[in-house]
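Since the structure of chain B is already known, use the hints to place chain H on it.
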Amino acid sequence: MGINIDKIRDDFPILKRKVNGYPFIYFDNAATSQKPNQVIDSISEYYKNYNSNIHRGVHSVSQEATDAYENARKKIQKHFNAKYSKEIILTSGTTHSINLVANGFTDILNKNDEILISQLEHHSNIVPWQMMCKKNGAKLKVIPLKNNGDLNYDEYLKLLSPNTKLVFVNHVSNALGTINKINYIINEAHKFGAVVLIDGAQASSHMKADMQKLNVDFYTTSAHKLCGPTGIGMLYGKKEWLEKLPPYQGGGEMISEVTFENTTYAELPNKFEAGTPNIVGAIGFGVALDYLNEIGFDNIEIYENELLEYATLSLKKIPNLKIYGEAEQKTSVISFNVGSIHSYDIGTILDKYGIAVRTGQHCAQPVMDYFGISGTVRASFSFYNTKKEIDFFCESLNKAIAMLS
Amino acid sequence: MEIIEIQNEIIDEFSIFEDWMQRYEYMIELGKSIDLIDPKKKIDSNLIKGCQSKLWLDAELNNNNKLIFKADSEAIITKGIAAILLRVFSNQTPKDILDANIDFIDKIGLKEHLSPTRANGLVSMLKQIKYYALAYNKS
Numbered sequence: 000m001g002i003n004i005d006k007i008r009d010d011f012p013i014l015k016r017k018v019n020g021y022p023f024i025y026f027d028n029a030a031t032s033q034k035p036n037q038v039i040d041s042i043s044e045y046y047k048n049y050n051s052n053i054h055r056g057v058h059s060v061s062q063e064a065t066d067a068y069e070n071a072r073k074k075i076q077k078h079f080n081a082k083y084s085k086e087i088i089l090t091s092g093t094t095h096s097i098n099l100v101a102n103g104f105t106d107i108l109n110k111n112d113e114i115l116i117s118q119l120e121h122h123s124n125i126v127p128w129q130m131m132c133k134k135n136g137a138k139l140k141v142i143p144l145k146n147n148g149d150l151n152y153d154e155y156l157k158l159l160s161p162n163t164k165l166v167f168v169n170h171v172s173n174a175l176g177t178i179n180k181i182n183y184i185i186n187e188a189h190k191f192g193a194v195v196l197i198d199g200a201q202a203s204s205h206m207k208a209d210m211q212k213l214n215v216d217f218y219t220t221s222a223h224k225l226c227g228p229t230g231i232g233m234l235y236g237k238k239e240w241l242e243k244l245p246p247y248q249g250g251g252e253m254i255s256e257v258t259f260e261n262t263t264y265a266e267l268p269n270k271f272e273a274g275t276p277n278i279v280g281a282i283g284f285g286v287a288l289d290y291l292n293e294i295g296f297d298n299i300e301i302y303e304n305e306l307l308e309y310a311t312l313s314l315k316k317i318p319n320l321k322i323y324g325e326a327e328q329k330t331s332v333i334s335f336n337v338g339s340i341h342s343y344d345i346g347t348i349l350d351k352y353g354i355a356v357r358t359g360q361h362c363a364q365p366v367m368d369y370f371g372i373s374g375t376v377r378a379s380f381s382f383y384n385t386k387k388e389i390d391f392f393c394e395s396l397n398k399a400i401a402m403l404s
Numbered sequence: 000m001e002i003i004e005i006q007n008e009i010i011d012e013f014s015i016f017e018d019w020m021q022r023y024e025y026m027i028e029l030g031k032s033i034d035l036i037d038p039k040k041k042i043d044s045n046l047i048k049g050c051q052s053k054l055w056l057d058a059e060l061n062n063n064n065k066l067i068f069k070a071d072s073e074a075i076i077t078k079g080i081a082a083i084l085l086r087v088f089s090n091q092t093p094k095d096i097l098d099a100n101i102d103f104i105d106k107i108g109l110k111e112h113l114s115p116t117r118a119n120g121l122v123s124m125l126k127q128i129k130y131y132a133l134a135y136n137k138s
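The listed protein sequences derive, respectively, from chains B and H.
Position 159 (the first sequence) corresponds to 158 in numbering that gives the first Met the number 0; numbering is contiguous.
Position 38 (the second sequence) corresponds to 37 in numbering that gives the first Met the number 0; numbering is contiguous.
So that you can see chain B by itself, here it is in the shape it has in the complex:
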């Protein structure tokens, strides 16, 4: 069936706009994705037709809103193949999800315990753990990178020990596009009884992850990376683990009984969903998943790989251009530099041509430190980008290089 690119691009109104007089070329998809009409309309429809607070209300509209919210949860459960819908906690995003888990493990771990993190991590999957280690004395160890952007799996095996309690790695690297061998990571960690959290923020727009097949303990993602709205994401956790972890935020919804003497907590998932949630966000999240599944992730993968190959070949023709991270398996992300030109300069000039890329450290300073660089230009493609856009990008990049040399 494949991708009907014209039909798809019609679904995304923002792709029609101009920037600085040029057609908007959006190559910053790893930062956030654009939204199709289907998702945009679902948001305004909610506020126009059935907005109400959920779970507690007796009136009809509140029931409609509650049904819509819980249906979204079921959609997410089905998409990620979680065994129970209560294993899907709706959060404000990946960062929130990771903090929730790190907070949960604060009192479970102690100074005899070790946690493994990879050198590829985004700061949101580093900082919460550092904060946790400061509180409970657990030791943070790092799975190193290899020059091609893959993790060093030999070193990973050496780092695993009976003291290893947690392992967390991103499914896909936001800085380099590397797809990590998470099956392998999970299985090896489980041999030592370690718990594994996989940060799926960058993966979810490109591929489906099956929670039961992976047998992963925790998995996080953010809706805004996969054509959904901002401010909503999910934490998948195995029921046994979510039941063990203490609540993160206290408030309404997450309680069973409240008195000033004692308060008991609600069951899953409400235990971790304090306060009024991002109701419309959850609904939009569900609609985004529907949209992507209708196109088909196989089709998305094939098309995005084509874009990646095309862009990589085109970029390699440019003298002094260096691409960082060419792992065996990559998503459609290319991080590069040209000679000693600073990425900020290139990004600024490309913007003048209507092209959006990201420059700098990409919230992944350890990756930048590994390569000894201050930052990169990152172009990240989605299934609504085209080869024609890549051609114009290369043309403009050459003009930028000429100006900056």
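Treat the hints with caution; some may be incorrect.
[Claimed, not checked] Simulated coverage check for chain H against chain B, where a stretch passes if three residues somewhere in it have a Cβ under 8 Å from a Cβ of chain B:
(1) 51-59
(2) 75-84
[As the list claims (entries may be wrong)] Capping the alpha-carbon separation at 20 Å, the derived lysine-lysine pairs in PhoX-like fashion look like this:
(3) B:386 / B:316
(4) B:351 / B:15
(5) B:398 / B:321
(6) H:110 / B:351
(7) B:351 / H:106
In case anyone wonders, no lab produced these hints; they're calculated from the structure.
By construction, the Cβ of each residue, glycine as well, lies at the ideal position given by its N, Cα and C atoms.
This is chain H only, laid out in the frame that chain B set:
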């Protein structure tokens, strides 16, 4: 030359440019002849915060009560912006620097760089220049 005269001179220079490319090319040129900071002074305490590329700024008061600024940056465009600011504010008294306004940045078509969220440190650099002036104004 007075600050306001220098600002008007720069506005005149930029007024002949028709598009952003010419403006940027000129800025890049200006950056090439910036009063370069002593490499030994490229230390963390001289870094301007809020800049995606490293930008160092140093200031010293000379015998004529004029503040001499020197700078450098890893990014060429940032260096160009720094060069323009140095041309306006360097070799001026602290008081004159404090009294000066910065309307000229808008007039030369660089208003977009004034946004505080812009990762080029222009706003931070201006602040730092004014802080130096404030500090040396007392002495």
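Verification of the supplied hints:
{"no.": "1", "hint": "51-59", "in the structure": "holds (count 3)"}
{"no.": "2", "hint": "75-84", "in the structure": "holds (count 3)"}
{"no.": "3", "hint": "B:386 / B:316", "in the structure": "16 Å, holds"}
{"no.": "4", "hint": "B:351 / B:15", "in the structure": "17 Å, holds"}
{"no.": "5", "hint": "B:398 / B:321", "in the structure": "17 Å, holds"}
{"no.": "6", "hint": "H:110 / B:351", "in the structure": "14 Å, holds"}
{"no.": "7", "hint": "B:351 / H:106", "in the structure": "19 Å, holds"}
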